[in-house]
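Based on the provided sequences and hints, a complete structural model is requested.
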Amino acid sequence: MNKENIVEIQNLQKSFDHGKITALNGINLEIKKGEFVSIIGPSGSGKSTLLNMIGALDKADTGSIVVSGNDLIQKKDLSEFRSREIGFIFQLHNLIPNLSVLENVEIPMYEKKMSSSQMRKRALELLEYVGLSDKLKRKPTELSGGERQRVAIARALANEPSIILADEPTGSLDSKTGAMILNRLKDLHEKENVTLIMVTHDMDVASLADRTIKVLDGKIQN
Amino acid sequence: MSFFSLIIKNPFRNKTRSALAIVGIAIGIATIVALGIITDGLKASTEETLKAGGADFSIAESNVSDLFFSKIDEEYIARIKEVDGVNDVVGILMAIQRVEDNPYFVLIGIDPAKLSISNIKVTEGQAFAAGDAKEVIIGKVASEKLNKTVGDTITLNREEYEITGIFQTGDLQQDGGAFLSLENVQAIENKNDTVTMLYVKIDNNADVEEVTAKIEEEYGNDLTTIASLEDLASIDQGLQTIDTASWAISLLAIVIGGIGVINTMIMSVYERTREIGVLKAVGWKDRRILSMILGESIVLTLVAGLVGAIMGILGIQVLLALGMDSFIAPVYSADVFIRAFAVALTVGLLGGFYPAYRASRLPPTEALRYE
Ligand SMILES: Nc1ncnc2c1ncn2[C@@H]1O[C@H](COP(=O)(O)OP(=O)(O)OP(=O)(O)O)[C@@H](O)[C@H]1O
Ligand SMILES: [Mg+2]
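Protein chains in written order, with my numbering: chain L, 1 to 222; chain R, 1001 to 1371.
Just so you know, nobody snuck in bad clues.
Among the chain L residues that face chain R by a calculated CB cut under 7 Å, a handful are:
#1 L57
#2 S79
#3 N94
#4 E103
#5 I107
#6 S116
No wet-lab data here; the hints were simulated from the structure. In this text the structure is predicted, and so the values were computed from the model without any measurement. Here a beta-carbon is modelled for each residue, glycine too, at the ideal position from N, C-alpha and C.
Structure below.
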């Protein structure tokens, strides 16, 4: 295994409905540490499924997948891996509606051995980073779409992940707000050297990345 | 924010649903609390009746279903007096009569010379005469309820009795009733030569256990001695029934409350499927999700426990205000409340476990795809 690679996938297969739907049909992929990769492809091609495999939200059927040195086929405690290595950003922000902006950002930190005040301190830093220091007490419904997505970015960064996985992070935003979110992510990637893997439909958005991967029918196109 | 605060916040997201669940469980808890308070009150007043004043123990007919149905031949008064160690014996006959609007007015027939053995203190006027003179003394509570005092008359079994005195024992059942001569109660009840119970006072140097053992040995076929509440509970089916009923109601409250909690929590988990997917995506362990949902369920039932305890106490107040105060003196013991909260906790644990387990086992991708 190449030490430079944070993600190494070989011949990965995943099907649903007892084999009736093949979502991933032999994926081979290497991603270097600190790389910004975008994944494009038509709807239903398997982009989200691939991202979920990298983030250990689901298990593959066959093949091998190693992320940050963890063999995800063998590994038992996947939640611990997710907590330590991965930050997710979804198309829909998926914030918890009854919690404030600040509390939403603290959510991932419960699995770390942190005191309430440490959690708060870290959440405040992150919200300052995404420019929401003035809206700490707001509920998600009291924010604009772009603001919600910035909270989601802050939440994804909470546990200092080595990889950020973003599944169409700008998919539900207008182009101007989307551009602002992308700038945030790119800035994060450049300054903190975080590996960033982003699924998108938009070619312009994809072109911001160091490299673009095209997925078609569960396979990577060269 | 601490994990605990997070758990406390969640049950109040859907206020209507949680309020309904809380009310459902609280009704069960209120019943447990109210019954407990009444049972404890009955036990305390029964104990007081047994230990009445100078008496060391009582004697009732053996094998009766309820103390109230006990019948003892008056002859036994003399026979028991002969037993070694016995100092004095008095026979009483209990009866219940409707007096004005109280259908459960308690009459106790007793020899006026032996009033002291039964701890009766005449606070106003004087004791009634022995024999068939139509005289009566009434308790302080009865005097207030009936608005009658010394010199007034009271109708018992269609005959006029003169009130010669007012007494106070501190026992509600007695203070709400009246004492009169044994002969008069026997006539009212048509139970000549019969008493309900005997109160026994023993010699200073005698031992209660020895004396009761002697009596049981000699007259065990007809009589049973009652020296403690436990003795009483074993012959008094009334107390037994209430005890069994309150356990059955506790069990019912657990089952019904448990089903309510399962339902509420399953709905809550179902609505939050996507959110649970997010929690898994940010690295929460299955165990943390389980603790959160279980914790929410316990918060719900403990609030219900508190509401139920308050409802139970208020319910008792209402019963007392409606006139139950003439024969029930409530006893608020910690035991009742501990039991109520134990039931609430059990309901929370039992009802919360399955929904919490289901939530913890949701596959994260499925949960995140949920619309
Ligand atoms: N949990 C699941 N159960 C059944 N089928 C699934 C499941 N997840 C994905 N699929 C199917 O697998 C295929 C790939 O889905 P995936 O979500 O990866 O596509 P995608 O490339 O992300 O599409 P989109 O651009 O629309 O988000 C699709 O045919 C989809 O219907
Ligand atoms: Mg997708």
